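Protein chains: 2
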Amino acid sequence: MADPLPSWNDGAAKSAIVAFVKATTDPASKDFVRQEDRIATFDQDGTLWVEHPMYTQLAFVLSRLAELAPQHPEWETNEPFKSTLAGDLAAFANFTMTDLETLVAASHAGMSTDDFASIVNAWLAKASHPRWKRPYTELVYQPMLEAMAYLRANGFTTYIVTGGGQAFVRTYAERVYGTPPEHVIGSSLETKFEYDPDGKAVLMRPPKLLLYNDLAGKPEDIYLFLGRAPLAAFGNSTGDQQMLEYAQAAGGARLMTLVLHDDPQREYSYGPEAGQADTKFGAFTRALYDQATSKGWVIVSVKRDWKRVFAFEP
Amino acid sequence: MADPLPSWNDGAAKSAIVAFVKATTDPASKDFVRQEDRIATFDQDGTLWVEHPMYTQLAFVLSRLAELAPQHPEWETNEPFKSTLAGDLAAFANFTMTDLETLVAASHAGMSTDDFASIVNAWLAKASHPRWKRPYTELVYQPMLEAMAYLRANGFTTYIVTGGGQAFVRTYAERVYGTPPEHVIGSSLETKFEYDPDGKAVLMRPPKLLLYNDLAGKPEDIYLFLGRAPLAAFGNSTGDQQMLEYAQAAGGARLMTLVLHDDPQREYSYGPEAGQADTKFGAFTRALYDQATSKGWVIVSVKRDWKRVFAFEP
Chain A
-14 MADPLPSWND
-4 GAAKSAIVAF
6 VKATTDPASK
16 DFVRQEDRIA
26 TFDQDGTLWV
36 EHPMYTQLAF
46 VLSRLAELAP
56 QHPEWETNEP
66 FKSTLAGDLA
76 AFANFTMTDL
86 ETLVAASHAG
96 MSTDDFASIV
106 NAWLAKASHP
116 RWKRPYTELV
126 YQPMLEAMAY
136 LRANGFTTYI
146 VTGGGQAFVR
156 TYAERVYGTP
166 PEHVIGSSLE
176 TKFEYDPDGK
186 AVLMRPPKLL
196 LYNDLAGKPE
206 DIYLFLGRAP
216 LAAFGNSTGD
226 QQMLEYAQAA
236 GGARLMTLVL
246 HDDPQREYSY
256 GPEAGQADTK
266 FGAFTRALYD
276 QATSKGWVIV
286 SVKRDWKRVF
296 AFEP
Chain B
-14 MADPLPSWND
-4 GAAKSAIVAF
6 VKATTDPASK
16 DFVRQEDRIA
26 TFDQDGTLWV
36 EHPMYTQLAF
46 VLSRLAELAP
56 QHPEWETNEP
66 FKSTLAGDLA
76 AFANFTMTDL
86 ETLVAASHAG
96 MSTDDFASIV
106 NAWLAKASHP
116 RWKRPYTELV
126 YQPMLEAMAY
136 LRANGFTTYI
146 VTGGGQAFVR
156 TYAERVYGTP
166 PEHVIGSSLE
176 TKFEYDPDGK
186 AVLMRPPKLL
196 LYNDLAGKPE
206 DIYLFLGRAP
216 LAAFGNSTGD
226 QQMLEYAQAA
236 GGARLMTLVL
246 HDDPQREYSY
256 GPEAGQADTK
266 FGAFTRALYD
276 QATSKGWVIV
286 SVKRDWKRVF
296 AFEP
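The listed protein sequences derive, respectively, from chains A and B.
Here the first sequence is numbered in our numbering, starting from -14 and rising by one per residue.
Here the second sequence is numbered in our numbering, starting from -14 and rising by one per residue.
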């Protein structure tokens, strides 16, 4: 039989994933789960694609605000716009939730849902990552794409559960991850049903946050969308802690996994270990590491567990 | 080939449904739609099951409030409890949104998501409809079950999009309609992620409305959950108007359908026609009828189009 996870090195992480899939899909297993309940959830930033030097969606915000800035001279002096337009990541890391909502409102709202999707698609087509000089949509982790495909081949439905914007991620999730729009759960603005001048129904995006899908928001929104806990949950930061706790609390065979970024040569190194960078983009604290260890969560080391990080590597 | 809709009389409604399915699933058709985008949405009350003499979930509210009333002597004198406990449907029809939220808060909130599901299941097991003396879950329209099954057999995913409570409907939707929890979109309370005394993750239900999934809320929530308009939409009242408009506005071959309750012998008669009852539970106004006629929406007459209404009929 062909290896379903060819970009993974043999080791504890790969073994745990394969053992979990076998245990939950073999009808003879005591941990067998019917196909309808095989739900796997994946964080996006830092779990499925690169989140450094900043979240990709923040790069979109910077680009969009720069485009709009000429019509808003007041942004040159007013925060949080001033620091954001200056690309001051240290300032950004200290922004309050209200600051972030202000930036999202200015960059993501005030147009129809269709127009927003067009704006995102146009940006993705031209933007590139500062280190690899490739489209952001190529900076996805090949081992995680294989894990998603392996789960789907075994009857799982794979969901992206992201702190990022649901409407943003849905524009590319199907072609990049194989997940259709209805399998993407993310932070969301409200929409408002209106009629255009021709009387045609249209959904507008007012600047009002409906779902903040991070931390405790992840299990809350998983319940809202799916009505039950995931059987397998993959994350990489403190923003995923509650999602993994929710999965584990549901009992039975469950797989909780955290990606640890510890490979500065092939990607980045940030986390709780000596010499690793501290960061606000995907914080993996010592407390989270200890919790993972004590609760039997699987820690995936980029350095040790991944044979290949990106599909474009030789 | 066996008739996929045996409980439907031959006529314009049945023909329209069959023609739409053929047009959107035949690869040679100019209106072919790939399987991933074959989304059909169904209102529940009055479209999939009986909504008279009152919404089934309102019967649950009455029962639940009666159970809790001994601990709330103030309900005997305070509205909206007083009229509700007295079963005063005329008063109920005039309740404001705030009144309804108050009733929902008292009857649906303040417990964990698991406990709420247990309460609903226990009620459904013992409750029965006043006219047919059968469990409410048997008062589903056999022709609509066949339409759902027919669509699914042709690659459609069927969603329930209900003004009723999402957590309420999800308790029985899979066994009654064949729709798993993630295919039920409904009005929703917020949930709150907490830890129980043993430190285990649990989701609680505070008395706070998150989604009001009726009228314009239907297309807004369909977009929130699915990211796009349905290819086919089925409803029966003014609460479904915007959902059907949203489907039609997306263009291409779309099926918009409204069930008209015009059979007092086998079920109920309420709607815009002479002699039909006016009602707050599933209003089908003259304006909606005219809109349906002018826009090519399919009107399903219970009396003429359904050979059989319920599965338990001979």
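Just to be clear, a hint being listed does not mean it is correct.
Just so you have them, the derived chain A footprint on chain B, three or more residues with Cβ under 8 Å [said to hold, decoys possible]:
(1) 161 to 167
(2) 180 to 190
(3) 230 to 240
(4) 266 to 279
For the record, the hints were derived by calculation from the structure and aren't laboratory data.
Since this is a predicted model, take the numbers as computed values, not measurements.
Even for Gly, the Cβ is constructed at its ideal location relative to N, Cα and C.
Evaluated hints:
Taking a C-beta to C-beta cut-off of 8 Å, the region 161 to 167 of chain B contributes 3 residues in contact with chain A, enough for the three needed, and the coverage statement holds. Judged by the Cβ-Cβ criterion of 8 Å, the region 180 to 190 of chain B is covered by chain A as claimed, because 4 of its residues qualify and three suffice. For the region 230 to 240 of chain B, the assignment as covered by chain A holds, since 4 residues bring a beta-carbon within under 8 Å of that chain's beta-carbons and 3 suffice. A count of 0 residues in the region 266 to 279 of chain B with a Cβ less than 8 Å from any Cβ of chain A is obtained; the coverage claim is therefore unmet, three being the minimum.
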